[in-house]
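J.: Numbering (numbering that gives the first Met the number 0), first residue to last: 0 to 169.
Source of the hints: derived by calculation from the structure; they are not laboratory data. Incorrect hints may appear among the rest.
[To be verified] Derived PhoX-like pairs (lysine-lysine); straight-line CA-CA distance at most 25 Å:
id: 1; residue 1: LYS21; residue 2: LYS49
id: 2; residue 1: LYS107; residue 2: LYS89
id: 3; residue 1: LYS49; residue 2: LYS133
id: 4; residue 1: LYS141; residue 2: LYS49
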Amino acid sequence: MIGQWVPFDDPRPSTVLGYGRKWIGLTWADIAGGVLTITPTKTERSTRAKISIDLALCPMVQEELARIPAAERHGPLIINEQTGLPFMVKRFTGTWQEVRRAAELSSKLWNRDIRAGGITEGGIAGASLDDRAKLAGHSSKKTTAGTYDRDVLVSANRVAEARAKFKRGD
0 MIGQWVPFDD PRPSTVLGYG RKWIGLTWAD IAGGVLTITP TKTERSTRAK
50 ISIDLALCPM VQEELARIPA AERHGPLIIN EQTGLPFMVK RFTGTWQEVR
100 RAAELSSKLW NRDIRAGGIT EGGIAGASLD DRAKLAGHSS KKTTAGTYDR
150 DVLVSANRVA EARAKFKRGD
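Let the sequences and hints guide you as you build the complete structure.
T.: Here is the structure:
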């Protein structure tokens, strides 16, 4: 979500320059009518699949976006407030760790786990594999199920509960 700083010779267009590089990532222009439309970087060169997310269904995201005055809603969507530029990976990682600790979240939680976490949580909540694959921009459901769906613990818990229920004769 923070985008990436790439060499100037990268063929993708960008108007954001800094650190001797150019930046590619989400901008305010990617939000229209309350819908975020993006091509995930992992599918950008293969399927070029676009995904759309209705932000009306994402109240926490709406809260954060509402904090940004309308006059400032241009350019990169996520910036380092200290520099006014998108985050460098190392600085974002440090900021994420500070936020994670302050929120008392597990040190095992990585920010990169959020995509897999959303796919996994969606499955646990009953979203179909087809829908989760589309959201991820995957052309193959095998990728979604095998790489990103990490409900091993939840599955193990369901098996343990079923076994306990069986043993009790329920």
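J.: Confirm or reject each hint.
T.: Going down the list of hints, with the structure as the test:
As the CA atoms of LYS21 and LYS49 are separated by approximately 22 Å, the hinted pair is consistent with the 25 Å bound. Simply put, LYS107 and LYS89 have alpha-carbon atoms about 18 Å apart, close enough for the 25 Å limit, and the pair holds. Note on LYS49 and LYS133: the hinted pairing holds, with a Cα-Cα distance of about 9 Å set against a maximum of 25 Å. Between the alpha carbons of LYS141 and LYS49 the distance comes to roughly 18 Å, so the proposed pair stays at or under 25 Å and holds.
Checked against the numbered hints above, the structure violates none of them.
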